[in-house]
Amino acid sequence: MKELFLALFFDHTLRTVAMGAAALGIVSGALGSFAVLRRQSLLGDAISHAALPGIALAFLLTGSKSALVLLFGAAMAGALATWLVTQIAGLTRVKYDSALGIILSVFFGFGLVLLTYIQKLPNSNQAGLEKFLFGQAAAIVEKDVLLMAGLGLVALFLLFLFWKEFKLLSFDRDFGTTLGYPMALIDFVLTTLLVLAIVIGLQTVGVVLMSAMLIAPAVAARQWTDHLGIMVLLAAFFGAFAGVAGTVASSTISRMPAGPAIVVAVSILVIISILFAPRRGVIWQRGRDYLMRQRFRAMGGKKNG
Amino acid sequence: MVSPQVEIMLIASVVAVACALVGVFLVLRNMAMMSDAISHSVLLGIVLAFFLTRDLSSPALIIGAAMMGVITVVLVELLHQTRLVHEDAAIGIVFPLLFSIAVILISRHAANIHLDTDAVLLGELAFAPFDRFVYQGVDLGPKALYIMGAILLVNFFFISLFFKELKLVTFDPQLAAVLGISPIVVHYALMTLVSVTAVGAFDAVGSILVVALMIAPPATAYLLTDRLHVMIALSALVGILSAIGGFGMAYYLDASIAGSMATVAGIIFALAFLFAPERGVVAGTRRRMEQRWNFALVTLTIHLWHREKSAPVVGKAYAIQELRQHLRWSTAYFASVVERAIRRGLLTQRDDYVQLTEKGRRLAREGHGMGERATSEPL
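So the protein sequences, as listed, match chains L and W. Counting in UniProt numbering, the first sequence runs from 1 upward without gaps. Counting in UniProt numbering, the second sequence runs from 1 upward without gaps.
Accuracy of the hints is not assured; some may be wrong.
[What the hints assert, rightly or not] Below, in silico cross-link-like pairs of lysine to any residue (SDA-like), each with a Cα-Cα straight-line distance of 20 Å or less:
#1 L:K95 with W:N294
#2 L:K95 with W:M249
#3 L:K95 with W:G248
#4 L:K120 with W:M249
#5 W:K143 with W:T225
#6 W:K167 with W:H187
#7 L:K143 with L:L159
#8 L:K120 with W:K143
#9 L:K120 with W:Y252
#10 W:K309 with W:R362
#11 L:K95 with W:K309
[As the list claims (entries may be wrong)] Which stretches of chain W does chain L cover? Using the computed rule of at least three CB atoms under 8 Å from a CB of chain L, they are:
#12 22-33
#13 85-91
#14 160-172
#15 175-181
#16 192-198
#17 286-294
[As the list claims (entries may be wrong)] Using C-beta positions, here's what the derived DEER-type ranges look like:
#18 W:R286 with L:F276: 53 to 63 Å
#19 W:T331 with L:T178: 44 to 54 Å
#20 W:R287 with L:T178: 22 to 32 Å
#21 L:D289 with W:E77: 43 to 53 Å
#22 W:A283 with L:T177: 45 to 55 Å
#23 W:T331 with L:F72: 41 to 51 Å
If you are wondering where the hints come from, they were derived from the structure by calculation, not from laboratory data. Even glycine gets a Cβ: it sits at the ideal position worked out from N, Cα and C.
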């Protein structure tokens with residue numbers, strides 16, 4: 001245990017990766033809270049898949065493999081996907097979940113077409129694009145961490161700045177409209193931040209596991225509190241904790257991939273929260289039911305059935 | 001001997017139809033994202049079954065995967081039933097966890113066998129014809145065709161045999177329960193089929209594209225018809241079109257076949273989304289415009305009609321400037337409504353005066369009586 005802590009402080013690679021994962025956990029935990037509260041949990045899944053063609057197109061158009069260019073492409077594609085999902089669900093009888101499924105899979109499929117096309121282009125080395133698919137936490141270098149932390153700070157700053165507006169959007173959009181707030185614009189800003197959070201995470205945990213990073217910390221945090229501020233802080237903490245725990249696990253256990261390890265860590269937090277959280281948790285509820293029955297019986301009530 | 005190209009198109013079509021058949025019910029039951037969850041979590045079932053049998057071609061793998069698909073559904077429902085988590089969040093927690101466990105198991109214990117996650121996620125249809133089914137030295141065709149063919153038949157017979165039950169449970173679960181058809185049994189039977197189909201299909205097209213083939217063709221069909229059996233047939237047709245069109249595109253671009261199939265399925269959906277008669281965006285916008293004009297015409301005629309009744313002495317003509325002021329419409333809008341009314345024979349205009357025709361009076365009376373209904377009916 002002691003060596004572990006020492007390694008976390010003194011092993012340069014491990015520290016870099018852990019810091020990257022923690023930054024990702026904080027940003028996705030905080031923004032995921034809003035997605036979960038607004039019942040848009042699976043939107044993150046759709047956005048992360050939809051980012052793939054954006055990454056491929058950015059590379060095709062600019063020929064650059066710089067993380068910032070690729071992330072910009074990913075963010076554009078993610079934003080387009082979100083807009084399309086809303087349009088499909090809003091303008092036709094096709095339901096929201098079907099719209100998500102279509103956009104997610106079609107964008108991803110198109111991204112694959114582009115990737116395989118790029119692969120066969122003469123003298124184009126596409127290595128590096130594919131890490132967005134599955135995530136390569138171990139490949140994170142200091143530069144990536146700085147970029148992630150920078151983008152993350154921007155996202156968190158905006159979250160802080162528009163806190164009241166986002167709260168209004170999440171709990172009573174109609175009330176916000178009557179107060180004269182431009183709710184559509186606020187929705188757009190919040191969704192853009194969500195896209196940003198996802199794009200930051202793609203490199204580390206990959207497409208499939210990104211949705212867990214958004215949803216799980218928020219769901220775990222939700223069980224402990226009814227207060228939005230505390231929930232967002234807790235979710236950020238859970239996300240960071242899982243990020244560090246996962247990277248530490250992957251560095252100490254042989255052949256343990258970091259992305260999945262992070263997801264398992266955060267899922268354990270969810271299970272603990274759902275079982276043991278005071279007041280809301282399953283065990284707490286069961287206990288309360290049991291006490292109520294006891295009291296009822298003591299008062300002379302009959303067992304039912 | 002059939003060429004590999006034809007074999008690939010055949011396999012792709014069979015996969016697409018098998019997916020479309022179960023996909024129809026996922027789309028109608030608002031469970032589209034369950035296909036995403038199942039198509040990922042079946043990987044864990046395959047891995048666990050592989051650890052038991054140590055044989056990658058064992059049928060136990062399909063059984064294990066199907067069981068894991070059902071377990072996914074059960075876990076999502078368990079989580080949802082605690083009432084602590086919304087259903088979509090429950091889906092988003094369960095499948096990444098199961099998928100992660102599978103990836104960890106593979107990389108720790110099965111790194112040297114051919115069970116890599118790339119293949120599972122992306123699939124490679126181009127290799128399907130190389131895996132042949134050979135019986136007593138006779139080559140009977142690609143194995144994938146037999147596996148998917150069998151799954152397609154199972155889906156087809158299940159849906160034909162239980163068509164009535166599926167329809168009832170989908171559209172009126174309460175009535176189904178009253179009639180003694182358990183929605184839960186039908187639900188799990190359907191989920192088992194989705195799992196089996198996902199396993200069979202992702203070998204060929206990968207898990208994300210299972211989602212594309214299960215959701216996009218049925219959603220396209222959903223925009224084109226109101227009848228369940230037509231929707232099923234149309235979904236199958238769109239699936240086949242996506243398969244063959246996708247193969248053509250992949251061949252032309254020398255790119256991923258599965259990705260191209262999803263792209264073509266998306267293009268077909270986009271066409272239906274925009275141009276479907278009645279339910280498409282263009283038809284919808286046109287209908288709304290039409291309703292707005294009709295409403296304006298009815299308002300105009302009612303206004304004139306009231307005036308005729310209240311002031312018969314003045315004569316039946318109405319100064320056009322006065323009318324505009326009364327209605328408080330902008331000049332341009334007013335002018336185009338009047339022009340439309342004249343063109344439809346509701347008004348006549350002489351100099352600066354307008355007058356209702358008999359047809360215009362009839363519309364006013366109807367519009368007055370029926371309120372909103374008149375505005376939605378064609379004139």
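A quick look at each hint next to the structure:
Of the pairs offered as hints, the one joining L:K95 and W:N294 is violated, with about 29 Å between alpha carbons and a cut-off of 20 Å exceeded. Of the supplied pair hints, the one linking L:K95 and W:M249 is violated, its CA atoms being roughly 29 Å apart against a limit of 20 Å. Proposed proximity of L:K95 and W:G248 is contradicted: the alpha carbons are some 30 Å apart, above 20 Å. Between L:K120 and W:M249 the alpha-carbon distance is near 15 Å, which keeps this suggested pair within the 20 Å criterion.
Distance check on the hinted pair: W:K143 and W:T225 sit about 35 Å apart at the alpha-carbon level, beyond 20 Å; violated. With a C-alpha separation of about 12 Å, the suggested pair W:K167 and W:H187 falls inside the 20 Å cut-off, and the hint holds. Restraint check for L:K143 and L:L159: the C-alpha separation of about 24 Å exceeds 20 Å, so the hint is violated. The straight-line distance between the Cα atoms of L:K120 and W:K143 is roughly 28 Å, outside the 20 Å bound, and the hint therefore fails.
Proximity of L:K120 to W:Y252 is assessed by CA-CA distance (about 13 Å); at most 20 Å being required, the pair is judged to hold. Restraint check: the Cα-Cα separation between W:K309 and W:R362 comes to about 14 Å, which is no more than 20 Å; the hinted pair holds. For the hint pairing L:K95 with W:K309, the CA-to-CA distance comes to about 49 Å; that exceeds 20 Å, so the pair is violated. Counting residues of the segment 22-33 of chain W whose CB falls under 8 Å from any CB of chain L gives 5; the rule of at least 3 is met.
Counting residues of the segment 85-91 of chain W whose beta carbon lies closer than 8 Å to any beta carbon of chain L gives 5, which reaches the threshold of three, so the coverage claim holds. By the rule of at least three residues with a Cβ nearer than 8 Å to a Cβ of chain L, the coverage given for the segment 160-172 of chain W is violated, with 0 such residues. Counting residues of the segment 175-181 of chain W whose CB falls under 8 Å from any CB of chain L gives 0; the rule of at least 3 is not met. Restraint check on the segment 192-198 of chain W versus chain L: 0 residues with Cβ-Cβ distances below 8 Å, three needed, restraint violated.
Here the segment 286-294 of chain W counts 0 residues with a CB under 8 Å from a CB of chain L, which misses the bar of 3, and the coverage is violated. Checking the proposed 53 to 63 Å range against W:R286 and L:F276 shows it holds: the Cβ atoms sit about 57 Å from each other. A beta carbon spacing of about 32 Å between W:T331 and L:T178 contradicts the range 44 to 54 Å that was offered as a hint. The beta-carbon spacing between W:R287 and L:T178, approximately 29 Å, falls within the hinted interval of 22 to 32 Å.
As the Cβ distance of L:D289 to W:E77 is approximately 20 Å, the hint placing it in 43 to 53 Å is violated. W:A283 and L:T177 have their C-beta atoms about 29 Å apart, which leaves the hinted 45 to 55 Å range violated. One distance hint, 41 to 51 Å for the beta-carbon pair W:T331 and L:F72, holds here, with the actual separation near 47 Å.
Of the numbered hints listed earlier, those contradicted by the structure are 1, 2, 3, 5, 7, 8, 11, 14, 15, 16, 17, 19, 21, 22.
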